[in-house]
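**Student:** Go by the hints and put chains B, C and D onto chain A.
4 protein chains.
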Amino acid sequence: MPIDLFDCVSPLDYRYYANNDKLVQLLGPYVSERGRLAAELAVEAAVVRVLARRGVCSQAIADEIDAATARVKLEDVTQEDARIHHSTRALVNCLRAEVSDEAKPFVHLMLTSFDVKDTAAAWRFKQATEKAIVPTLLDLEDTLIKLALREKDTLQMGRTHGQHAVPITFGFALASYVSRLGGRIEAVRDAGAALRGKISGGVGAHNAQCLFVDDPIELEREVLAELGLQPSISSTQIAEAEPLVDFVHALVSTLGVLANLADDMRHLQRTEISEVAEEFTAEQVGSSTMPHKRNPWNFENIKSFWKAFMPRMVTVYLDQISEHQRDLSNSASARFIPEVIVALVATARRMNRIMGKLIADPAQMKRILDLSEGMSAAEPAYILLAAYGHPDAHEASRKLTLEAQATGKPFPEVFFAAEDLQPYIAQFTDKQKDLVRHVESYTGIASEKTERICELWRGRLWW
Amino acid sequence: MPIDLFDCVSPLDYRYYANNDKLVQLLGPYVSERGRLAAELAVEAAVVRVLARRGVCSQAIADEIDAATARVKLEDVTQEDARIHHSTRALVNCLRAEVSDEAKPFVHLMLTSFDVKDTAAAWRFKQATEKAIVPTLLDLEDTLIKLALREKDTLQMGRTHGQHAVPITFGFALASYVSRLGGRIEAVRDAGAALRGKISGGVGAHNAQCLFVDDPIELEREVLAELGLQPSISSTQIAEAEPLVDFVHALVSTLGVLANLADDMRHLQRTEISEVAEEFTAEQVGSSTMPHKRNPWNFENIKSFWKAFMPRMVTVYLDQISEHQRDLSNSASARFIPEVIVALVATARRMNRIMGKLIADPAQMKRILDLSEGMSAAEPAYILLAAYGHPDAHEASRKLTLEAQATGKPFPEVFFAAEDLQPYIAQFTDKQKDLVRHVESYTGIASEKTERICELWRGRLWW
Amino acid sequence: MPIDLFDCVSPLDYRYYANNDKLVQLLGPYVSERGRLAAELAVEAAVVRVLARRGVCSQAIADEIDAATARVKLEDVTQEDARIHHSTRALVNCLRAEVSDEAKPFVHLMLTSFDVKDTAAAWRFKQATEKAIVPTLLDLEDTLIKLALREKDTLQMGRTHGQHAVPITFGFALASYVSRLGGRIEAVRDAGAALRGKISGGVGAHNAQCLFVDDPIELEREVLAELGLQPSISSTQIAEAEPLVDFVHALVSTLGVLANLADDMRHLQRTEISEVAEEFTAEQVGSSTMPHKRNPWNFENIKSFWKAFMPRMVTVYLDQISEHQRDLSNSASARFIPEVIVALVATARRMNRIMGKLIADPAQMKRILDLSEGMSAAEPAYILLAAYGHPDAHEASRKLTLEAQATGKPFPEVFFAAEDLQPYIAQFTDKQKDLVRHVESYTGIASEKTERICELWRGRLWW
Amino acid sequence: MPIDLFDCVSPLDYRYYANNDKLVQLLGPYVSERGRLAAELAVEAAVVRVLARRGVCSQAIADEIDAATARVKLEDVTQEDARIHHSTRALVNCLRAEVSDEAKPFVHLMLTSFDVKDTAAAWRFKQATEKAIVPTLLDLEDTLIKLALREKDTLQMGRTHGQHAVPITFGFALASYVSRLGGRIEAVRDAGAALRGKISGGVGAHNAQCLFVDDPIELEREVLAELGLQPSISSTQIAEAEPLVDFVHALVSTLGVLANLADDMRHLQRTEISEVAEEFTAEQVGSSTMPHKRNPWNFENIKSFWKAFMPRMVTVYLDQISEHQRDLSNSASARFIPEVIVALVATARRMNRIMGKLIADPAQMKRILDLSEGMSAAEPAYILLAAYGHPDAHEASRKLTLEAQATGKPFPEVFFAAEDLQPYIAQFTDKQKDLVRHVESYTGIASEKTERICELWRGRLWW
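Protein chains in written order, with this note's numbering: chain A, 87 to 549; chain B, 87 to 549; chain C, 87 to 549; chain D, 87 to 549.
Pulled out of the complex, with its shape left as it was, chain A reads as follows (with noise of 0.2 Å):
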């Protein structure tokens, strides 16, 4: 069914998702509501499979009735939808009118609405987890992982609350998303593979299935085993709403450390700070009146993609209540849970296209360290105080920043003029005071950490 792009209500149809080929090609099958079908009648057919096995009905049978899922169109399915006001016998009767009088009985025999609904849903978002997901996710892993290695010995101010607090490297601030990112990745990768399905009628207690056989625990199990899912340990006539949960609390997650990336990325962007850059093309317009700008906007982006979808997590919470055996008002809202999906596989693979080009200026990342004359000197000047005896070490190093402040003097000059402090100083190895006149060296393991925290996502991830 046709329709012009520009009538559409949803951002993700118009701009972000169906118009964009790639995506469609990587997600289509799994998000699209030609993909909801496909999945559906995929569930039919492994019932029909697994009846024939059985005896229930004959293997011709239900190879027929296999080979005329493929014929079934959307087209038609919505149209019968619009007759009986109801969505799945709609797609039942359009696949029996594609079979012989034989075959029809045993079309959707036995089963209720949402042991389709619920396997195919299962099926697809595990299928997208697999599929698209995780390897976009690991994609950009893969980038963070280079750009963090590249960028391990890079001198960069450490900030808390915005303030210059004491070095690291820009590696090292990289390498906190690595970890975070992995760590998703994994709990992404799990809630989709935890996804169960459900073959068990219309209550849960699988009474249409015990008039044909005498083991519908097994019947389940081997249905889903057919489209490679587990069997929702118990159910009503919907599976337990919590794998669901899980799954789409993994996606809002996951975008919520992406979101504070680009944060991270926006601000060191700013006109005063300006260590890393967006890469802009040539070509390229930042604002439509002041021809000077060069914004970043793809990092906006994704934190405006997180603001967007993150909510979405309320909706599924609430779907998670559904009264005694079910009730229908999760019918719409949860048709909404793909978009959650292209939300999380659009921003990252933005994300992954600008972190692959960022731009880092190490000669600036330099010059911003040096703006606070040594400030950050302070930590260990008193650490190194205390250690050698003084007894109120944080209180004097912090007069002494009040001092430096006061008299615009660097602290390392005000630190080793205090008279009172010459008996500690005194104590002081030549390298503990180069560290406080030269804080630049102050890092750490910045570096071996960024690489210990490398290795080790590398190794969980991908072996």
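There are no misleading hints in this set.
Straight-line distance between alpha carbons at most 30 Å, and here's what the computed DSBU-like set of lysine-lysine pairs gives:
{"id": "1", "chain 1": "B", "residue 1": "K452", "chain 2": "D", "residue 2": "K452"}
{"id": "2", "chain 1": "B", "residue 1": "K452", "chain 2": "D", "residue 2": "K495"}
{"id": "3", "chain 1": "C", "residue 1": "K108", "chain 2": "D", "residue 2": "K159"}
{"id": "4", "chain 1": "B", "residue 1": "K485", "chain 2": "D", "residue 2": "K443"}
{"id": "5", "chain 1": "B", "residue 1": "K159", "chain 2": "A", "residue 2": "K108"}
{"id": "6", "chain 1": "C", "residue 1": "K485", "chain 2": "C", "residue 2": "K452"}
{"id": "7", "chain 1": "C", "residue 1": "K495", "chain 2": "C", "residue 2": "K452"}
{"id": "8", "chain 1": "D", "residue 1": "K452", "chain 2": "B", "residue 2": "K495"}
{"id": "9", "chain 1": "B", "residue 1": "K485", "chain 2": "C", "residue 2": "K159"}
{"id": "10", "chain 1": "B", "residue 1": "K232", "chain 2": "B", "residue 2": "K452"}
{"id": "11", "chain 1": "C", "residue 1": "K485", "chain 2": "C", "residue 2": "K517"}
{"id": "12", "chain 1": "A", "residue 1": "K485", "chain 2": "A", "residue 2": "K517"}
{"id": "13", "chain 1": "B", "residue 1": "K443", "chain 2": "D", "residue 2": "K495"}
{"id": "14", "chain 1": "D", "residue 1": "K159", "chain 2": "A", "residue 2": "K485"}
{"id": "15", "chain 1": "C", "residue 1": "K443", "chain 2": "C", "residue 2": "K108"}
{"id": "16", "chain 1": "B", "residue 1": "K159", "chain 2": "C", "residue 2": "K485"}
{"id": "17", "chain 1": "A", "residue 1": "K485", "chain 2": "A", "residue 2": "K452"}
{"id": "18", "chain 1": "B", "residue 1": "K217", "chain 2": "B", "residue 2": "K232"}
{"id": "19", "chain 1": "D", "residue 1": "K108", "chain 2": "C", "residue 2": "K159"}
{"id": "20", "chain 1": "C", "residue 1": "K495", "chain 2": "A", "residue 2": "K443"}
{"id": "21", "chain 1": "B", "residue 1": "K495", "chain 2": "D", "residue 2": "K443"}
{"id": "22", "chain 1": "A", "residue 1": "K452", "chain 2": "C", "residue 2": "K452"}
{"id": "23", "chain 1": "A", "residue 1": "K159", "chain 2": "D", "residue 2": "K485"}
{"id": "24", "chain 1": "C", "residue 1": "K495", "chain 2": "A", "residue 2": "K452"}
{"id": "25", "chain 1": "C", "residue 1": "K485", "chain 2": "A", "residue 2": "K443"}
{"id": "26", "chain 1": "B", "residue 1": "K485", "chain 2": "B", "residue 2": "K519"}
{"id": "27", "chain 1": "C", "residue 1": "K517", "chain 2": "C", "residue 2": "K452"}
{"id": "28", "chain 1": "D", "residue 1": "K217", "chain 2": "D", "residue 2": "K108"}
{"id": "29", "chain 1": "B", "residue 1": "K443", "chain 2": "D", "residue 2": "K485"}
{"id": "30", "chain 1": "A", "residue 1": "K495", "chain 2": "C", "residue 2": "K443"}
{"id": "31", "chain 1": "B", "residue 1": "K108", "chain 2": "A", "residue 2": "K159"}
{"id": "32", "chain 1": "A", "residue 1": "K495", "chain 2": "C", "residue 2": "K452"}
{"id": "33", "chain 1": "C", "residue 1": "K443", "chain 2": "A", "residue 2": "K485"}
{"id": "34", "chain 1": "D", "residue 1": "K443", "chain 2": "D", "residue 2": "K217"}
Which residues of chain B face chain D? A few of them, derived with a C-beta cut under 8 Å, are:
{"id": "35", "residue": "G248"}
{"id": "36", "residue": "Q249"}
{"id": "37", "residue": "H250"}
{"id": "38", "residue": "H353"}
{"id": "39", "residue": "S483"}
{"id": "40", "residue": "F497"}
Since the hints were made in silico from the structure, they are not lab data.
Just so you know, even glycine gets a beta-carbon here, dropped at the ideal spot from N, CA and C.
**Tutor:** Showing chains B, C and D alone in chain A's frame:
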């Protein structure tokens, strides 16, 4: 740009909106991507008309540009956007391509993107409010008023905590929704009318305009007046966020009223209650496996839309925050706001359709009321006892309810047989005794209040 | 009932509110458990006064009950509640225990719990609005107005996307918050005034009242008038939900404005920017390990309160839904609403305190502005080129910014040296040339608009 | 610092937690302000023990500091905090005041505040999980298992959409909650165990530690091992956010399962259904005006807690974002996390109490099942028709349900009388005919599956 509806990912597009001709006709100009372009071109044209009036450019140039807006194609804008990564400059370039070299400089002159975007958005949402949202809600309100008045004397048991309380009428129960929806219609109408545009340049200080005019605040007022809008009192690159926040709050809280009504109607359709029914067509299917099912699926769908869209409010609150003269982190998220409009209008139309055909069953309501065998009379009994001087009337009445429950006797029987109460009962008038005996007349002013509420809202909303 | 503050679990109690004498004094009557009791007793007394006026009971009895309300102890109510599991009946029993047998029947006569609770809550929140919330916000507004006016001519670089845009003044940046906060003060004031009580009995149909009076709607109006309230237009066991929903929305969206201001102030304190500073006392410690740190912790705290309390709005939306004549599933959740009031007032007071002492550094603002070496002049340059007939002025100017960036030359220098632009530049007036050369004068009407905004809000809020 | 409970503003403090001795005893060490201090002192002591082991200070000094932690008073810390506005430095100063000058330098040596705070929080929440949350949830799980097994054969009508579907047993309905809660217990246990501490200094690069040791990563591991914790793989000033995000998600989604169970129990107590009842004490009052009311207020309270606390998850997602090596904007908001623990434990205890005394009424369940007069048999009828070759069995059966409804006859009667179906019915076995006639035996494997589910979870959770 044609696509297949089934390749879309948003349920609004493939299922609830873009495939629904009436909704598209009603809302298209305000919520679709096509509508956005048209609105933004209308702003560009309004500016140039004012520039001509002021002599900044000639009237001929203004007319040329105005006429050219009709020729700009979304396809071209999209393509240009892909090249330069700036959606407003893309639109400007396409509009400039349609005019003479003389006119070119006056396209978008003195404007920043968000002069156009924010103003166009305010215009679209204000129009949507007047032309689509409020009329749709008024249709529903009219249906509810008629239904409430029709059922104002239909005896129904009042329920609190899901327990029988004391009697009301079905119309009275509906009147509460007449009033709550009435209040929300006013809230939506006011919030829509309070949306504001801005023509104040890149940081809100009218910097560029000062190059040409002495009274930029007046200029802003004139441009916006062309579009029936008022200016945001202050602005940065963007208008003040709060009017839009209030607007979405009004929409979302209206959805909440509909969801509550839907919940009530769902529960009144429980098999054990069956006081009302959604109309069910002869061909409609309730369950793919249980042929006897008549499910309140429309009401469930309404509840489901509320679950899907209420949490969007969190996004809007997040977008209240924009750094300094603005950051662009609301760029993607704000594009989703029209979806909330679609959700509300689609839901209200559905509600109107099913409430218009709602089947109420007075006989069943009476049977249900009789279920509790006069237990509700414990309330008037207690109050009359108290009024006639019983020092502990509530406790006395409460104990009789336990006795009635234990013995299975109707409460009135137990009450009139209670020896220690005879001195008080003796003082009851005949009417008061009757009322305890026949609690169905204990409906207070349910009918009268229904009328008053309906009258009040008819007056407030239609005059 | 004494407990130790450190055994509390709520940070409001042990850290932000209950240990803060001024806040307790300001808000206690409206937000504490003690305040709730007092308000509910006031409702009981108001009812009995009206009953006496109407002759249902004697004036002496009304006076007796009124006087007795002062003697009811929260400890006793709590104990009785633990016995009978009904908090309003517990209060009624304790009040009855304080009066004569003749008066007992008239305590709580014709009332249901939520006549008392909803009315008392409306009264408390309305009072809190008038006596505490609005005055606190007005104090802050006054501080912001003074600050904006003081700094109205202080040159500052305007920033969009964190990038230098074009110049404004610091006062102008603040004026935007003057206006947004002003709008929220009106919203809070209106929403507080729109809160409504209800005296309509167990299901809203005034069933019990009809036993005694002919005009229960008038009775309801009289009782509520005693408390300065108006009745909910419709009610079930409870008042219409929406006025309270609007009220909390007003509070939460006000917090959003404060959070945005806090974010701006945080970022202006970044070491690299340092345009403003929170006052820091001589004894204050910024970090337990980094003695040099001066963190914007108050602004961070304000942002943090917004993060903690904005999502509470979701709870309020959930509580919009109450089945039939009500279910009690808002019982616990609604008790948390006063916390939002506390959060807003505490935050506004903190904001007022720090903005009142905010240190702005005009010299640093100028240094920061100079950082971008006239790049902002690309905007007026482009617009003037366009106005003087350049057919592609934006693109011409944009390319010069790339050249300036590549060569490290200031933009004005590059601009005036551009050969192909000479025909246009020749037409510039001296003033226009100056403006491109010295972009610090390109502030539009920043100063004047600051004045107008401050004046407007002073007029709207204080008159 | 004593205060009066009634001056508190948090319902947790004045109503649900701080006045509940058992809860305080169970949770106090993990959730109260007092508990926080104790945990942070424990971290300080752990560090100094490791320093002694490594020879950085003497064992005597470590012992002295360790012993001194017991003497630090919250009152003093609070007072010092008010002076210097830094809660960790305040604690450090108070601890230093308790030790000799020799020991002073080793208090908090090399540590940043959040080494202490994040580690202490991880320790508290992990302890709370092991000692309070999981045991409480296991108690409830045990109660549910016993109840499910007791009622595994109690016939009950299954309901979907609030409509009678096909029969199950009450135990089977409960088994679904046994399984869902079981899954959440594992999720909470795992998330609690995955919480991690950090001892890596002000920006996470172990800068200060490198002044003293060569292997700061090993040092971190040793300190955390003292507390039974593992280190965050990466850290900045703070540990990675995600383990805490996952933990609160586990708590909140567990609340969701309880809310769903509460909803089901509420609805089964509707007057018209009355299949179960909350125990009601002889003295309990249901309504202040309606003495006959027995309200499901405990279940309503549980739903209400979910509404109050589920949205807190949004705060936790917001706190995922912290700029650069951290901003402090989670400072206040993170203090509220223990409230979620309190909410879950209080709710689970309440649920356990009422489910332990839940009254189920098998006779009423049978009466309710009979209400729909065999309509459920339409499902097996359709399926058997299909199996015996009817080409359009669902439609045939569906039409009979309309006939049954129209004529008021029981479905089985209509079915067996249908002439066109006789060829198929003739093929039914006696058992199959019986099943259509007496649909109460059409419960599938409800009883057996109940047993399997209970057994599975008993095995997984207790072994």
